[in-house]
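Taking the UniProt record's numbering, the leading residue of the sequence shown gets 1, the next gets one more, and so forth.
Hints are computed from structural coordinates only; laboratory data are not their basis.
Among the hints, erroneous ones may be present.
Here are the computed distance ranges between Cβ atoms for each label pair [unchecked claim]:
| hint | residue 1 | residue 2 | range |
| --- | --- | --- | --- |
| 1 | E251 | R209 | 30 to 40 Å |
| 2 | A262 | D172 | 47 to 57 Å |
| 3 | A52 | A262 | 56 to 66 Å |
| 4 | F220 | R67 | 45 to 55 Å |
| 5 | A236 | A210 | 44 to 54 Å |
| 6 | A52 | P259 | 54 to 64 Å |
| 7 | E251 | L178 | 17 to 27 Å |
We treat Cβ as the ideally placed atom computed from N, Cα and C, and that holds for glycine.
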Amino acid sequence: MQLQAITYFNELVRCRSIRQAAQNLGVTPTAISRQLDNLEYHFGVQLVERGARGIELTAAGEVVAARLKTAIRAFDQANQAIDDLRGLRRGEVSVHVNGATGGSILAAALASFSKEFPAIRLTVQETSAREAMSAIVRGDTDMALTLFSPDDPRVTARVRVPVRHAAILAPDHPAAALKSLDLDALTTHALAVPDTSYSARAALEARLRAAGHDPLSVSFTTASLTVQKELARLGAAILILPEIAVIRDLELGSLVARPLAADAAIDTALQLSLSPERQLSFAANRFAASLERLLRARFGSSLASSATVCATRSTQDLR
Numbered sequence: 001m002q003l004q005a006i007t008y009f010n011e012l013v014r015c016r017s018i019r020q021a022a023q024n025l026g027v028t029p030t031a032i033s034r035q036l037d038n039l040e041y042h043f044g045v046q047l048v049e050r051g052a053r054g055i056e057l058t059a060a061g062e063v064v065a066a067r068l069k070t071a072i073r074a075f076d077q078a079n080q081a082i083d084d085l086r087g088l089r090r091g092e093v094s095v096h097v098n099g100a101t102g103g104s105i106l107a108a109a110l111a112s113f114s115k116e117f118p119a120i121r122l123t124v125q126e127t128s129a130r131e132a133m134s135a136i137v138r139g140d141t142d143m144a145l146t147l148f149s150p151d152d153p154r155v156t157a158r159v160r161v162p163v164r165h166a167a168i169l170a171p172d173h174p175a176a177a178l179k180s181l182d183l184d185a186l187t188t189h190a191l192a193v194p195d196t197s198y199s200a201r202a203a204l205e206a207r208l209r210a211a212g213h214d215p216l217s218v219s220f221t222t223a224s225l226t227v228q229k230e231l232a233r234l235g236a237a238i239l240i241l242p243e244i245a246v247i248r249d250l251e252l253g254s255l256v257a258r259p260l261a262a263d264a265a266i267d268t269a270l271q272l273s274l275s276p277e278r279q280l281s282f283a284a285n286r287f288a289a290s291l292e293r294l295l296r297a298r299f300g301s302s303l304a305s306s307a308t309v310c311a312t313r314s315t316q317d318l319r
């Protein structure tokens with residue numbers, strides 16, 4: 001069986017279209033079909049079913065796809081190990097991230113790492129925390145940096161950083177005069193927050209229900225951090241975010257942060273997750289170490305390693 005056939009089949013499984021797989025690989029659809037025929041001849045079974053909407057894997061195809069995906073990753077890791085021995089320091093790293101806080105920390109880590117290892121390609125995908133955990137389990141990503149991370153015994157938390165949300169608002173906003181904002185204050189003023197599928201919004205809603213308040217009345221519902229910050233800068237809304245998510249705006253003075261009172265507090269953790277079943281490549285291992293160093297430098301004593309993280313999660317650490 002040729003490596004080319006494995007590579008072609010792996011791409012076909014990923015995009016579920018012979019034409020798209022051919023385009024992605026820079027070959028003809030006939031070349032993809034020929035290598036698929038070779039694989040089906042080798043295994044003696046039909047691997048895919050062709051339809052108007054693309055291809056679907058047969059039961060045998062699902063088994064082969066899972067095994068070949070592992071083989072491709074092992075081959076890539078071997079290539080990267082050889083490159084390391086040669087001093088080439090190249091490879092690829094894939095990271096899943098969720099939340100504005102994770103994005104701001106990750107961007108700083110990417111910029112610093114790229115200067116040290118310019119030949120390493122870095123791919124970032126923004127998803128939900130739950131999807132990020134699933135991607136690690138499937139082997140679709142090397143690591144994940146997430147807030148409100150769901151428990152998953154198949155994933156190891158390399159480090160966890162306690163993160164507290166705050167009220168973010170314009171310096172001249174009426175609520176900026178308050179030392180802290182409780183639920184009464186939050187329900188009095190216009191808010192700009194994501195929809196209820198986001199964990200921070202769900203945590204705030206849970207706080208309201210626990211205190212016997214009416215459901216949250218939101219003036220602006222948007223997941224766009226850019227739109228949220230503009231609304232806050234214009235004095236039109238209060239945001240509920242960790243300070244690190246808007247650190248530059250706070251440093252410039254265009255926004256200010258006020259703590260949330262005990263009845264409105266939203267606590268979670270920023271977690272760097274890995275698969276305990278898979279050995280990281282040179283590139284991924286170096287980046288994970290670099291990201292961990294950044295977290296330790298940024299958060300210092302508040303950072304907890306996976307060995308010291310309490311098994312009991314905060315009630316606000318919602319799925």
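Going down the list of hints, with the structure as the test:
Here the CB-CB span from E251 to R209 is close to 35 Å, well matched to the stated 30 to 40 Å. A262 and D172 have their C-beta atoms about 27 Å apart, which leaves the hinted 47 to 57 Å range violated. The hinted range of 56 to 66 Å is satisfied by A52 and A262, whose Cβ atoms lie roughly 58 Å apart. Between F220 and R67 the beta carbons are some 48 Å apart, a value that agrees with the proposed interval 45 to 55 Å.
At about 28 Å, the CB distance of A236 to A210 disagrees with the hint of 44 to 54 Å. The supplied range of 54 to 64 Å is met by A52 and P259, whose beta-carbon atoms lie about 57 Å from each other. Range check, E251 to L178: about 21 Å between beta-carbon atoms, so the 17 to 27 Å window is met.
The structure is inconsistent with the numbered hints 2, 5, although it conforms to all the rest.
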